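As given, the protein sequences belong to chains Y and F, one line each in that order. Numbering of the first sequence is given in full-length UniProt numbering, commencing with residue 1 and proceeding in unit increments. Numbering of the second sequence is given in full-length UniProt numbering, commencing with residue 1 and proceeding in unit increments.
Simulated from the structure, these hints should not be mistaken for laboratory data. Being a predicted model, the structure only gives us computed values, none of them experimental. Any given hint could be a false lead.
Here's a subset of chain F near chain Y, in silico, CB distances under 8 Å, partners left out [unchecked claim]:
1) Gly104
2) Gln106
3) Ala107
4) Asp162
5) Asp164
6) Ala223
7) Asn322
Glycine residues also receive a C-beta, built at the ideal position from the N, C-alpha and C atoms.
Residues per chain are reported as follows:
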Amino acid sequence: MARATDTRVGLYRTVRLIRRFEQRAVDLVDTGDIVGGIHPYTGQEAIAAGVCAALRDDDVITSTHRGHGHVLAKGADPARVLAELAGRDTGLNRGRGGSMHAADFAMGILGANAIVGANAPITVGAAWAARHSGSDRVAVSFFGDGAVNQGVLLESLNLAALWRLPVLFVCENNGYATTLPVGEAVAGTITGRGEAFGIPSVTVDGADPVAVLTAARTAVRRARAGDGPSLIECLAYRFDAHHTWEHRARMRYRSDEEVHSGRLRDPVTIQGARLADAERERVDAEVESTLDEAVAFALAGPHPDPGGALDHLYASGLRPRQGGDH
Amino acid sequence: MPRLSYLKALNRALADELARDPAVFVLGEDVRVGVSYVTAGLAGKFGPERVVDAPLSEQAFTGFATGAALSGLRPVVEFQVPSLLFLVFEQIVNQAHKFSLMTGGQACVPVTYLVTGSGSRTGWAGQHSDHPYSLFAHAGVKTVVPATPADAYGLLATAIRDDDPVVVFAPAGALGVRDDVEYADLVAVPLGVGRVHRPGTQVTVVAIGHLVQDALAVADELAADVSVEVFDPRTVYPFDWDGLAASVGKTGRLVVFDDSNRMCGIGAEVLATAAERFDLHAPPARVCRPDGTVVPFAPALDRAVRPDRDGLATAILKVLNNGRRP
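Please take these sequences and the hints and turn them into a complete structure.
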């Protein structure tokens, strides 16, 4: 699979791939092949697909704890992402990162990040470096509604606007920071935070890949032209748990009615309806075939050698002292 | 022969590295004007794109440096206040330091954090007087504390060229030190290699940063009675254990002179490692800050919590007397 493309079929392929990838990954959590669980991206696929379809291969992204969709949409190999989730040496990060840290620098994926908001300044630095080198690359920071209350994100908005850097701040407002509803966490508005720094900020339907793509194209054009950052708030609904531990420990923070109605706006259905049945079925079959291969690849991969547990701790090759007798 | 000051040595190392490698840039507060002096004159010579004044957003600009480093640049981030490192512990320890391992070796983060004036400056009170090098050593971040102008030059140059994050602590107490050095003799100093400033046969004093000068003075004072070897690790992490082993192998006695808090300070680690590895003729000792020190404001109180020459002399004589007060 490659980066999401901006065609009707291309967008569908990506949302479908992410949806089915996450469902397969949840199955592997249930079987114990993925340890530590995952934060499923189910329901938010249109955002990753729409944004990454507006990018070039050499653009860069940073992602979040709920990052599989971004990584897949930017073009990482699903088999290697899944192998990473399964902690195998054949994973993107050689089993050193797992679900929350998938990275593929060759594809411009500067890593998913498990600290909410922490990727924002990293993105701003990457954007500055791009401009510094004379490139018109853009950098995208994906983050959730929880991140908009992190000071470092607000500092990052300021830096990006101050220095007119080519950044897309993509806020995925899925309604909840873990269990806390956005209405009980966010004073003011999310776009208001961008506007306070003079950053053009829009709210779009995050269930529709075309709506996201349209907003992302405008923001990318602005960024490449040297006109600075943009903020896109994408309204979405998280279909599944915050984290798969919720599958066992039922949290009562969303009513069944709310979840049911939230799932009615389904990105896969919305984009799928734009394809003829035969076309959609062909893509679905391709995706299943890709994922069959990905699961087989992931589960066949070797487990990392415990003797190399601290390999790569230092890029310079420094070896730390051992913890035990030496 | 020119008298080179410690600050001028740092300034010269920055200028030389900026000239040598176009990927190097300096970032921080008031760096264009050069309030701490280490960046004086650099903006005029290298321009505002390589000597970048940042707003008071320490977390954002420290994270920004990670993003720039992930994109191939070599940022040097200056902090004028040591306690700001607590504010950016997340960005250094949890982000920059972890990228190499978490990405399975895909990424390196060659950022240098330069702390100009670490430790007490007398009269700057609780939130400007910390000297937190042991904290970074504990976290596994490469940490250097140069004691002399030549080492300040050489270790800063090496830190900038190193592919991992490195924190360079320039102790406030060392900023006034001057060396007779030919500029042409200034060279990069490898990390992890200590230096014996004064050979001796009866006791090894491990002195760190500005305390090296005090240790040398005490060694002189006691010279008629005791032969003191002054060992300066220069790099706190990775520590030159072999260098220390050679020294203690000769003297058989050990005192650590360390401006860290006693609990879990580098002094504690040196004594623990000595207990594991070395044949000591007498119980070792350390002279450091009290547990959990908050530096009080009034000068007499500030001095009361600092490791000093009297404390060192007492400790040396006690160790010479097999752990009993003479």
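Structure-based check of each hint:
1. Gly104: holds, 3 Å
2. Gln106: With a minimum Cβ separation of about 5 Å from chain Y (threshold 8 Å), the hint on Gln106 (chain F) holds.
3. Ala107: holds, 6 Å
4. Asp162: Interface hint status for Asp162 (chain F): holds (6 Å vs cutoff 8 Å).
5. Asp164: At about 5 Å, which falls below the 8 Å cut-off, the nearest Cβ of chain Y leaves the hint on Asp164 (chain F) intact, so it holds.
6. Ala223: violated, 35 Å
7. Asn322: violated, 28 Å
Checked against the numbered hints given earlier, this structure breaks hints 6 and 7; the rest are met.
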